[in-house]
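Based on the hints, put chain B with the ligands in the right spot on chain A.
Here's the letter readout for the chains.
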Amino acid sequence: MNLSWHQLAWKETRRRPMRAGITLTGIAVAVAALASLLSFQRGYRRGLGLELDRLGAHVLVVPKGCPFDAASIALHGANWPCYLRGAYLDEVRSIPGVATAAPALMGAFPKSDGTQTVVVGATEDLLALKPGWRIEGRFPTATNEVLLGADVARKLARKTGDSAMFEDLPGPRRIAGVLEPTGGADDGFVFLPLATAQRDLRHEETLTHILVRLRDPGQLDDAVNRLRGCNAGMDMNIVPLTHLFRTIQGMMGATQVWMACVAFVALLAAGAGVSNAVLMAVVERTREIGVLRALGASPGDVFRLFWMESLVLCTAGAVTGLLVAAAASHWVESWLRERLPFSPTDTLVRLEPGVALLCLGSALTLGSLAGFLPAWRASRLSPREAIRAPSGT
Amino acid sequence: MNPSKSSQPSAPVVIARGLSKSYPRGSVTVAALRNASFEVGPSEFVAIVGPSGSGKSTLLNLLGCMDAPTSGTLQLDGQDVSQLADSGRTRLRRDRLGFVFQHFGLVPTLSVAENVALPAFFARRSDPKRVDELLERVGLSSRRHHRPHELSGGEMQRAAIARALMNRPILLLADEPTGNLDSQTGSSILELFRELNADGLTLIVVTHNPSLASAAGRRLEIQDGVLISSTPGSPPKPHGPR
Ligand SMILES: Nc1ncnc2c1ncn2[C@@H]1O[C@H](COP(=O)(O)OP(=O)(O)OP(=O)(O)O)[C@@H](O)[C@H]1O
Ligand SMILES: [Mg+2]
Numbered sequence: 009m010n011l012s013w014h015q016l017a018w019k020e021t022r023r024r025p026m027r028a029g030i031t032l033t034g035i036a037v038a039v040a041a042l043a044s045l046l047s048f049q050r051g052y053r054r055g056l057g058l059e060l061d062r063l064g065a066h067v068l069v070v071p072k073g074c075p076f077d078a079a080s081i082a083l084h085g086a087n088w089p090c091y092l093r094g095a096y097l098d099e100v101r102s103i104p105g106v107a108t109a110a111p112a113l114m115g116a117f118p119k120s121d122g123t124q125t126v127v128v129g130a131t132e133d134l135l136a137l138k139p140g141w142r143i144e145g146r147f148p149t150a151t152n153e154v155l156l157g158a159d160v161a162r163k164l165a166r167k168t169g170d171s172a173m174f175e176d177l178p179g180p181r182r183i184a185g186v187l188e189p190t191g192g193a194d195d196g197f198v199f200l201p202l203a204t205a206q207r208d209l210r211h212e213e214t215l216t217h218i219l220v221r222l223r224d225p226g227q228l229d230d231a232v233n234r235l236r237g238c239n240a241g242m243d244m245n246i247v248p249l250t251h252l253f254r255t256i257q258g259m260m261g262a263t264q265v266w267m268a269c270v271a272f273v274a275l276l277a278a279g280a281g282v283s284n285a286v287l288m289a290v291v292e293r294t295r296e297i298g299v300l301r302a303l304g305a306s307p308g309d310v311f312r313l314f315w316m317e318s319l320v321l322c323t324a325g326a327v328t329g330l331l332v333a334a335a336a337s338h339w340v341e342s343w344l345r346e347r348l349p350f351s352p353t354d355t356l357v358r359l360e361p362g363v364a365l366l367c368l369g370s371a372l373t374l375g376s377l378a379g380f381l382p383a384w385r386a387s388r389l390s391p392r393e394a395i396r397a398p399s400g401t
Numbered sequence: 232m233n234p235s236k237s238s239q240p241s242a243p244v245v246i247a248r249g250l251s252k253s254y255p256r257g258s259v260t261v262a263a264l265r266n267a268s269f270e271v272g273p274s275e276f277v278a279i280v281g282p283s284g285s286g287k288s289t290l291l292n293l294l295g296c297m298d299a300p301t302s303g304t305l306q307l308d309g310q311d312v313s314q315l316a317d318s319g320r321t322r323l324r325r326d327r328l329g330f331v332f333q334h335f336g337l338v339p340t341l342s343v344a345e346n347v348a349l350p351a352f353f354a355r356r357s358d359p360k361r362v363d364e365l366l367e368r369v370g371l372s373s374r375r376h377h378r379p380h381e382l383s384g385g386e387m388q389r390a391a392i393a394r395a396l397m398n399r400p401i402l403l404l405a406d407e408p409t410g411n412l413d414s415q416t417g418s419s420i421l422e423l424f425r426e427l428n429a430d431g432l433t434l435i436v437v438t439h440n441p442s443l444a445s446a447a448g449r450r451l452e453i454q455d456g457v458l459i460s461s462t463p464g465s466p467p468k469p470h471g472p473r
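If you read the sequences in order, they're chains A and B.
Numbering follows my numbering, in which position 35 of the first sequence is assigned residue number 43; successive positions increment by one, without gaps.
Numbering follows my numbering, in which position 63 of the second sequence is assigned residue number 294; successive positions increment by one, without gaps.
Chain B with its partners taken away, still in its complex shape:
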């Protein structure tokens, strides 16, 4: 319903300027993300890497409009979203963004097809053709009436990806999408991401998975809430453990 309609085809999908987020924890405030500035162009595949607790999820939540930044500005598809009210962010998530989680986040009481249809339901639409199309795309047509607990981990993540694509987002955000999967299943998910990216979808993925990170066209490395390097292009350098 809301296909990307940038004024110029090469305009960045994401423009972050001095993006910061701090959380109050007792009497002190924890700066989970400090002064991050970067851009993500259309059809880019970006991996966010860094040690645990470095602020990757915090950054992804800001990009996904799940949260408002403490300071700095964020533009998505040319729109400044840093000052948006809660309702505006909700609408943006619904119509323009797709989310994939480590824990899949499927609703256990609904069938695969119903899960995939949820974003359209929240947009007060119904598009069974789109559901069929997406299930076909992720190879779950035969599983449409199954409930999540009847699926393997890889199948659940495929269903979750189909659901994230339901409302034709301009940007797909994934937080450790292979974190709960074995390496073989993980690489099949990676393959799916590659295909989606090749079809023009902009992807930002938080990951600890080296092969997923190296598959990305660019890596944003974050440490203690600070963006320490933005490595454009591939091949990526191998990274030692910290």
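Chain A on its own, in the form it takes in the complex:
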């Protein structure tokens, strides 16, 4: 039986378990929100960066329309009712500074189970944009050949050299290659030679987008201006991807600042709750404070006792909040995905040690601030008056 300050404070929560529980919950909720938000912020930024790397393009050329939808198409696959004329490709290729221009025609076939088959018609130019790709086999060249993303191959249980039927495409196809998992959207795509895709999707001589890689990414602005200035420029939307990602991030950033404010206010409110709970404890336990002073507790000891109670409440609340945030991250992730205009394929919300430590630190700071006033009050009580106070419990 060795007494310690934090033990004394922790045992005090037994006196009013309900009040301690409610106060603690306030902190836990605020910390869980803060932790989720910070995790999301990091996850989102990291995810966007990875997407950009995997895409391999610096500029995306799409038909006139919303650039966010365009990005979604190019990255994750979707249907898009507008098309580029195939002839624009040559014009794009002739712009100085363009290293590679990879044309693509994309079509998505929704399935009854909510998933979709995404078919991408492409040329071997695509390989120049995807240095990270590892293909078992080769890129399809013959009309009836396909390249399967890793997930597609796994679902179909097919390997290189097999042939397979696709319900959205006429006739059997020979699998010329299978992509090793990339971790991105490519894993879910079926790649065909461009001409085959144009025939099967009945869009001869048209494209959904062109992926452009520049000789020098530092000359992005010049290249974009030249692309916009060319003859076909009027009918094309030239989307510099780094800018696009920065815009998406900025848009998210504004929302995140707003959410951070909410989490911060919640934390302050929870801190006020802690302050209030400890203040009530001081009032209720005034006579007990008098007794402790009679036993030889100094004003500093009394301060420490109540200050520690505030710290213990905040720490316990923060730990609970972090556990909740970690446990709920999966759920938060899918909730966010449903609502975000654009979300990278990588994990968005993952509680990292740095974030956990930051939250714990904030809670401790909050606890020491919240506990200051009640503890100071308790320590200022005159022992003679305190001992005369009516019993609170």
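No false leads were slipped in.
Listed next, with one range per pair, are the computed distances between beta-carbon atoms: (1) A/L377 - B/G319: 30 to 36 angstroms; (2) B/A316 - A/F272: 42 to 48 angstroms; (3) B/G319 - A/L331: 45 to 51 angstroms; (4) B/E381 - A/A335: 36 to 42 angstroms; (5) B/S460 - A/W384: 44 to 50 angstroms; (6) A/L366 - B/Y254: 50 to 56 angstroms; (7) B/P282 - A/R23: 34 to 40 angstroms; (8) B/G384 - A/V291: 22 to 28 angstroms; (9) B/G319 - A/W339: 55 to 61 angstroms; (10) B/Y254 - A/L331: 51 to 57 angstroms; (11) A/L377 - B/S460: 53 to 59 angstroms; (12) B/G384 - A/M288: 24 to 30 angstroms.
No lab work stands behind these hints: they were computed from the structure.
In this text, a Cβ means the ideal position worked out from N, Cα and C, and glycines have one as well.
Chain B with the ligands in isolation, oriented as in the chain A frame:
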């Protein structure tokens, strides 16, 4: 840790000279204690008696260094404590005085043993052997892990007495220690006080309990803040109600 170390063995533990205390109440000041002078020798058992509101608790708080006198001087164990600052009084309470209250004053969230250990904790010490010894002394060894609400009133007061003795005080002060107890339990507490006194502890007890008052070797009677008689020795005279 701080056993009594008077220069002479018979030197008084308490010497009060013209001790007064008044409280401001609105625009007037109430003289709760006026000009009290008395001494308490080592190993004495003194009862403070008097009607309600007469100033008994006020006097006990002064003796217990819970408060500073408005005027007069007070020496405890040869040390003048009337001019001490708050920190000095705190240290004196912790190291040299023991308190027992009518309401027991145990911390409900702590076990009996932890309650007993509190004064040592505030002195930044830990002495589990002393805790065991004291629990044994007051007959609560089997209750050491119990929380106060699991004890009877008499047991709670025993625990409080053990706690008061934790830091080996030179003087034990009790304010109506039997006030919340039935007469039978009260007499068992009285018996404990007698034993402690027989072992050499100096005791000053405020009480309305006639048997406790008569058990004391001396009674200080107080009325309207004035010490009206100091009755040395026993047997005490029976006192009619006022
Ligand atoms: N802190 C205080 N502020 C103002 N007046 C006080 C204070 N403490 C005591 N008094 C007054 O001083 C007088 C003596 O009070 P005290 O508590 O010493 O009486 P008591 O003899 O202990 O009474 P009881 O037997 O009821 O406990 C009373 O009139 C009381 O109202
Ligand atoms: Mg009293």
